[in-house]
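Undergrad: What follows is the residue order along each chain.
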Amino acid sequence: MTPVVVRRPGPNGSPAAIAFHTALAVLAALALAGALFAVQGADPLAAYAALFSEAFGTMRGFGFSLVRATPLALIALGTVVAWRSGFGYLGFEGCFMVGAAAATAAALASAEGRMLAPLPSWLALALAMLASFAAGGAWAGLVGLVRTRLGANEVLVSLMTNYVGLLGVQYLISGPMRAPGGLPQSERVPSDVWLPFVIPGSRAHAGILLTVAAAGLVWFLLRRTPLGYELIVAGLNPAAARYGGIEVGRRVLLASVLAGGLGALAGMAELLGVQHRLVDGMGGGVGFTGVVVALLARLNPLAVVPLAVLYGGMTVGADAMQRGAGIPSSIAAILQSLIVLLILASERLRYYRLNPSLFRLGRDRAGAAPGRPAGP
Amino acid sequence: MPPPWSNERASDKDRSNLAVNPQGPPFLEMRGIVKRFPGVLANNGVTLAVGHGEIHALLGENGAGKSTLMQILYGFHQRDAGDILIEGRPARIESPKQAIALGIGMVHQEFMLVHSMTVVENAVLGLNLSIRRLLDLKRAAAALQALSDRHGLAVDPHAVVGHLPVGAQQRVEIIKLLYRDVRLLILDEPTAVLTPQEKDGLFAVLRRLARDGRSVVIVTHKLHEIMEVADRVTVMRDGRVAASVRTSETSPRGLARLMVGRDVALRADKQAVARGPAVLRVENLAARDAAGETRLHGLSLDLHAGEILGIAGVDGNGQAQLAQALMQLCPVTSGRVWIGGQDVTRLSPAGRRAAGMAYVPADRRHVGSVAELSMIDNAALGTQARRARAGGLIRDEGADRGFAKALAARFSVRAAHLGQPAGTLSGGNLQKLVLGREMMREPAILIVEQPTRGLDAGAVEAVWGELLAARAGGMAVLLISADLEEILNLADRIAVMSGGRIAGTLPAAHASAERLGLMMAGAPAPDAQPLAAVEASA
Numbered sequence: 000m001t002p003v004v005v006r007r008p009g010p011n012g013s014p015a016a017i018a019f020h021t022a023l024a025v026l027a028a029l030a031l032a033g034a035l036f037a038v039q040g041a042d043p044l045a046a047y048a049a050l051f052s053e054a055f056g057t058m059r060g061f062g063f064s065l066v067r068a069t070p071l072a073l074i075a076l077g078t079v080v081a082w083r084s085g086f087g088y089l090g091f092e093g094c095f096m097v098g099a100a101a102a103t104a105a106a107l108a109s110a111e112g113r114m115l116a117p118l119p120s121w122l123a124l125a126l127a128m129l130a131s132f133a134a135g136g137a138w139a140g141l142v143g144l145v146r147t148r149l150g151a152n153e154v155l156v157s158l159m160t161n162y163v164g165l166l167g168v169q170y171l172i173s174g175p176m177r178a179p180g181g182l183p184q185s186e187r188v189p190s191d192v193w194l195p196f197v198i199p200g201s202r203a204h205a206g207i208l209l210t211v212a213a214a215g216l217v218w219f220l221l222r223r224t225p226l227g228y229e230l231i232v233a234g235l236n237p238a239a240a241r242y243g244g245i246e247v248g249r250r251v252l253l254a255s256v257l258a259g260g261l262g263a264l265a266g267m268a269e270l271l272g273v274q275h276r277l278v279d280g281m282g283g284g285v286g287f288t289g290v291v292v293a294l295l296a297r298l299n300p301l302a303v304v305p306l307a308v309l310y311g312g313m314t315v316g317a318d319a320m321q322r323g324a325g326i327p328s329s330i331a332a333i334l335q336s337l338i339v340l341l342i343l344a345s346e347r348l349r350y351y352r353l354n355p356s357l358f359r360l361g362r363d364r365a366g367a368a369p370g371r372p373a374g375p
Numbered sequence: 000m001p002p003p004w005s006n007e008r009a010s011d012k013d014r015s016n017l018a019v020n021p022q023g024p025p026f027l028e029m030r031g032i033v034k035r036f037p038g039v040l041a042n043n044g045v046t047l048a049v050g051h052g053e054i055h056a057l058l059g060e061n062g063a064g065k066s067t068l069m070q071i072l073y074g075f076h077q078r079d080a081g082d083i084l085i086e087g088r089p090a091r092i093e094s095p096k097q098a099i100a101l102g103i104g105m106v107h108q109e110f111m112l113v114h115s116m117t118v119v120e121n122a123v124l125g126l127n128l129s130i131r132r133l134l135d136l137k138r139a140a141a142a143l144q145a146l147s148d149r150h151g152l153a154v155d156p157h158a159v160v161g162h163l164p165v166g167a168q169q170r171v172e173i174i175k176l177l178y179r180d181v182r183l184l185i186l187d188e189p190t191a192v193l194t195p196q197e198k199d200g201l202f203a204v205l206r207r208l209a210r211d212g213r214s215v216v217i218v219t220h221k222l223h224e225i226m227e228v229a230d231r232v233t234v235m236r237d238g239r240v241a242a243s244v245r246t247s248e249t250s251p252r253g254l255a256r257l258m259v260g261r262d263v264a265l266r267a268d269k270q271a272v273a274r275g276p277a278v279l280r281v282e283n284l285a286a287r288d289a290a291g292e293t294r295l296h297g298l299s300l301d302l303h304a305g306e307i308l309g310i311a312g313v314d315g316n317g318q319a320q321l322a323q324a325l326m327q328l329c330p331v332t333s334g335r336v337w338i339g340g341q342d343v344t345r346l347s348p349a350g351r352r353a354a355g356m357a358y359v360p361a362d363r364r365h366v367g368s369v370a371e372l373s374m375i376d377n378a379a380l381g382t383q384a385r386r387a388r389a390g391g392l393i394r395d396e397g398a399d400r401g402f403a404k405a406l407a408a409r410f411s412v413r414a415a416h417l418g419q420p421a422g423t424l425s426g427g428n429l430q431k432l433v434l435g436r437e438m439m440r441e442p443a444i445l446i447v448e449q450p451t452r453g454l455d456a457g458a459v460e461a462v463w464g465e466l467l468a469a470r471a472g473g474m475a476v477l478l479i480s481a482d483l484e485e486i487l488n489l490a491d492r493i494a495v496m497s498g499g500r501i502a503g504t505l506p507a508a509h510a511s512a513e514r515l516g517l518m519m520a521g522a523p524a525p526d527a528q529p530l531a532a533v534e535a536s537a
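First to last, the sequence lines map onto chains A and B.
0 is the number of the first residue of the first sequence in numbering that gives the first Met the number 0; add one for each residue after it.
0 is the number of the first residue of the second sequence in numbering that gives the first Met the number 0; add one for each residue after it.
The following block holds chain B by itself, in its conformation from the complex (with noise of 0.2 Å):
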């Protein structure tokens, strides 16, 4: 047999002979799956059922078990127990290139495309081509160009991968593998990336493969976007199915309730707050990543003691050379920045942090904290020499071990023992042990660059209910985060960067997700005001 995904036939087969009898077995069903790694039961008699042109939603928190059984459907991991049925036949799934055979295909977080090459180039990549045969890229693109009509995908089979948008990307996995004609797609996490805008367009294309009879699996754990596209979803806990139910028949609440097994605040309690002074001015920054490219072209802003400033926008768009040259952790080229009148601007991240500025990063693992070391170490990072002896000479062990204690205790930092290295704490534990760290020095200006991304609901709920505590405390916050839900929940002010460039400022009395998702696309705002505006009316 030849291979399915062979040249000729993505063009010449006629691809709307999907529709199937309703009455017959699902596309897909999985029974009583059971995975077991060490220590840990991932999945524990799981079943799961996706009908042909159904969008089904996958729920769970971290470590829920919904990331294993999709591995076990793509064939990265080999199931313990139970079964898998293809249109109710069981079906062996022991590595990716068997998925795809059988009609299953998975967009990863991470997308898996050469930048450099063109649409075209990266949907044949993989294909068993036989080298007999000349690579014929023309009807390749042919195939796609009808492939992109047909499902509404506004992608260039010629574009180079490179040069598009993340949505466009996206959209590119999706096409490679309606190329590989894939019946059920598996999509992890699809929308963290992308802007409402482009999240409305991805919505309108599963719809419009479900509607073809192909089956969509969504990885996710936002409960707004299974209620707005899902058919069904199916909540996972504890590496158990916790319900399946038709969305139509469930609220977000009943949702966030099963998935972590009880009541959870998705709105946070936000309290007046009175504003006080400026304590943090920035004018006409500029600076570049670490490849030397200009990603902050110019931004000024000010924040004040016991608000927070939210600054929302698509990943990409200068937010994090902000937070770093805030920091002085990237190259700044030009501009300003004074914290309470006195002039930072030359002061290294040493000199910043004693001048009273404390930063939350992105990279937690990475940047935030250093992986081999032990609690107590990480603790430490940023004060090594406050708690020392002997004039700053020698480490006092008991009291770099007390503060760890009192971090974990006020923070609730679940973790063995205080020797534990921090890269072996959860998500959300190592948040609480960063975001605690910086607290814990009581700084005038807090920086926090998407601090609740990865986290399942309960530890969003306690990094959220610290940042609102931060603020009635009378710290400056600023709050980058690509989550609108969350700088919606919090913030006081909310500026949108696009572009290296505050495209706008709005108090979040005004906003919505919506008019933000204009101004993050770049769109002008219609009445959005500059910031002296905001200021005089706040």
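Okay, chain A solo, but in the shape it has when bound (with noise of 0.2 Å):
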């Protein structure tokens, strides 16, 4: 019996079968998460129309869409940089929470009063910009020290400085920045300094533009400068970019300052333009989200914010259809998880193709390979 497919010597690379391989992955999820919706007792059509439209549909939901991609975004941003770098970051939750405090204690001492008031509003938003990129930078380009000098695993260490980070700032809020009150949090940062709204009548404010510029510069960086092309030569061929002359470690240590600059960025752009102070919990887990997004963006940095404003998006639209619908928004959450790894899943099948003796209308059948009977 002739196979249907048959196994490939190597994957397909080409652009149009990745398309098509996650374009399929989508509807597989679309379609596993349907049948959750169908035993809720909801229409999973009625339900997908308003998830999305909740999230794309007004100018209010896009507006929460883009808030929410921003962190996102902008940590798929710096997973981008280390990882092409060859430099395993995972630290990102520990680098928002960083970002975040840096940013705070600039933007406080900016307040009516103290250090810098002096200053015009837009240098003391970007001195709190600078403060955070610098303290993320630091806090991750230590991770990248004691890989390039010690030699440990960054990937243990970066998943634990998260713990460093995260208890840090529960000891910042509960002591020398608690602000007076019951509750274990900052004072709130003068308005003068948050970042602007930019879209009339929503809550999406000017981090996302900092994040489409930032996604722009990583690009132009990793393709068009020689110091991009040393990076990915480090990552991909650590040997052969000794060999080629470029400093491997010293590579690799940019990357994790600019990695965690980014993360802190993320932290920046969170406090800065939502929440407005400090508090325990901001991030909720972005720091791995991002890295997801980044891999979903097969650590392309163009699509780093159009995917982020589709997974953040879905995250608004999932709270819409729980006030609404009643379906709980956890669903949103598995059908999220569904399309990563149904998508990571799909790598596999482009090791197949359809086999090419059935299109051949048994011209020379018996001539042809058995083939290994294959599937997926």
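Read the hints as simulated data drawn from the structure, not as lab findings.
Don't be surprised by glycine CBs; every beta carbon is placed ideally from N, CA and C.
Among the clues, some could well be false.
To be verified - Some residues of chain B that are not near chain A, with every Cβ distance over 10 Å (derived):
hint: 1; residue: Gly50
hint: 2; residue: Asp199
hint: 3; residue: Val204
hint: 4; residue: Arg206
hint: 5; residue: Arg252
hint: 6; residue: Ala255
hint: 7; residue: Gly291
hint: 8; residue: Gly297
hint: 9; residue: Leu300
hint: 10; residue: Met326
hint: 11; residue: Gly367
hint: 12; residue: Ala384
hint: 13; residue: Ala387
hint: 14; residue: Gly391
hint: 15; residue: Glu396
hint: 16; residue: Ser511
To be verified - Footprint (simulated), chain A over chain B, 3 or more residues, beta carbon under 8 Å:
hint: 17; region: 338-349
hint: 18; region: 370-379
Starting from the two chains in their separate frames, assemble the complex, guided by the hints.
TA: Take a look at the structure:
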């Protein structure tokens, strides 16, 4: 019997094949989650319509989607820089908190009667961003230093630093930075250093513009500069990089600083754009979801922003769905996870193709390869 | 039926009864073998017959289909069409296990041995030993000793494999197969890692096995060895058999023509070039490998403009560390290096490149290139900042593309397009890309390590031509190669490395394979001159 699919010697890497299999994976995830809607007694099509119309159908909803997308995209960009350079950093949750704390400290310093009060507000805002980037860069750069100087495993070390960052912020808001009052939280930062809102009638703030600019810069760095070339070669093949005269250790260290800085900007954007005061649990896992977004974007900086908007939008839509139709928003989380899982699984599909001898109209069936019976 | 390799059998069975009626069918016949991979017809109606007691060479360029044919015979691949007959009976071979049961065994280029275990432990490994019976290593060792004595293998069953030299490890692989009573041995490029003396020893073993009635297939592209040891040779080209002839009725030149389909210059055309001043001086260089073991013990040498200094030696005698130490790519513990009078001892790889060094590493796939990146990006490796605009901050894509294009044209790198990932290039084209990239920088010193390993005759010819052209242009070339033919053809002076030191240096005119072989094996060359004397006479 002629098998319908046969194994390829290598995966099909053409953009069309990747797009096709990704679409297939998303459709499969929608179908599976649709079954869950049906179990809840809801019409899957109507539920999906509610989900997406809330996230992308109204200006207000879309604004929320952008707000959710901003930290995701910045962390995903940090992931792109780090992972492309062969630095398997996973400490973005900690970076996010450190960045938020540094932005809080700088912003509070510009309040009435404090050290930076005489500065114009745009300069204070710029200083807050800079402080945040520097703090995150130093935070992740330490991990880079430990890896390049001592040969430590950056994955483990960076995962551990997440706890240090989270607990460090807990300490700050219950100790030195605690505002008077019952709750462990910092003072509210003065409103003239908030990130300005950019879409009238929505909560979307200037962080999204910063994110788009960052995506462009990361793309330019990696694709158009000798420095980016050296980062990528160091990431793909350290032996070849050293052979080509690239100082791998210094490049990895640079990548760790940039990645940490980007992760910290995510915290800054969340703080100066949304929360306006340092509170515990601000991150809520965004440091890991951002990595997932980067993986979905295949570490392509230009794909990061649209995917982050899509991902953030689904969270927004899910909340609306729960409010409106009473369907648990966890179904949307399941849908997101399914999409990730199935897209990753669809990589295997690219190793197979339809059996070409099926299309030969039996001309030379007899001599055709019997092929291994194959199927995903 | 008990498995054919129970402990009793190896020692109890009389093995001298392999003699066979010469009029009967040959031991192995492969008829009309067809194997199709997607996009490639690897074997297209291949026929191969190997008689009892015959040493049969399988010759062909890379990609000619000889590996595929042997993998079908050994059960790694399934044929799409054709028949395999063992002693006249059709055989199904669907796994290496079945192949061994049918008496077919293979010695791979990379040995499949557990280094921390003894020879006898390696030999019984993988056999279907019954868990109800105790492992009788004593008995197995006795059987191995008997096999070793009988075939002149000189293998101690109780030796730890990791302590044995490469040549002896290869004999362990052979004795493993004999212990399984294999009747046909396939050896894949068996001499690539051997000294000439070890090679002679291997050939003696193979001849004994053949006299014993066993058959041998050696897969190779070394023409002289075929003429020396094989009875018959089958030449493959483009998935077909180009010819199958007795070695007594052919010549190396004839075989080369059959293999490539045209005449090939086996002798490089070397013109006299006036030797220039010394451009590289190395004093007492010592270096360690990645594992921290010292592999280079105080080596000194001089290299002049317009000469090729050949570094001969068996693989693993410090040649790789010499090349890496010269580029500052491995930990250097002592010694000094000068390039044209400038002390570069403390310079980084980038600094040494800037001072005029270029290097073609032996591992072109994993060190010399980045498989995932395009030919354009690979052509830029090492000079990535040179063609940049805005003070070196922005890459000039047009210039990078132009450079890659010029490189591909000058060194005839064949590829579908310049954006093709380097990992998809054939070995020969990749080597031309790496060599061309290093030569396009017009360095004063070019270090090339195993430049033609694994390349087919056409590509070897091209690489040799480029190295000689570089020499004629006044470049100083350090040629590190385990291939004596290559060294003898190209080098002006030859230094032999053994145990991390230079055992002696000869002018090429005084060198021969035999003499170099003795030095490679560590024997003091009777009249090898110290380096200084050679300098004076040259």
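Undergrad: Could you work out which earlier hints the structure fails to respect and list their numbers in ascending sequence?
TA: 10, 11, 12, 13, 14, 15
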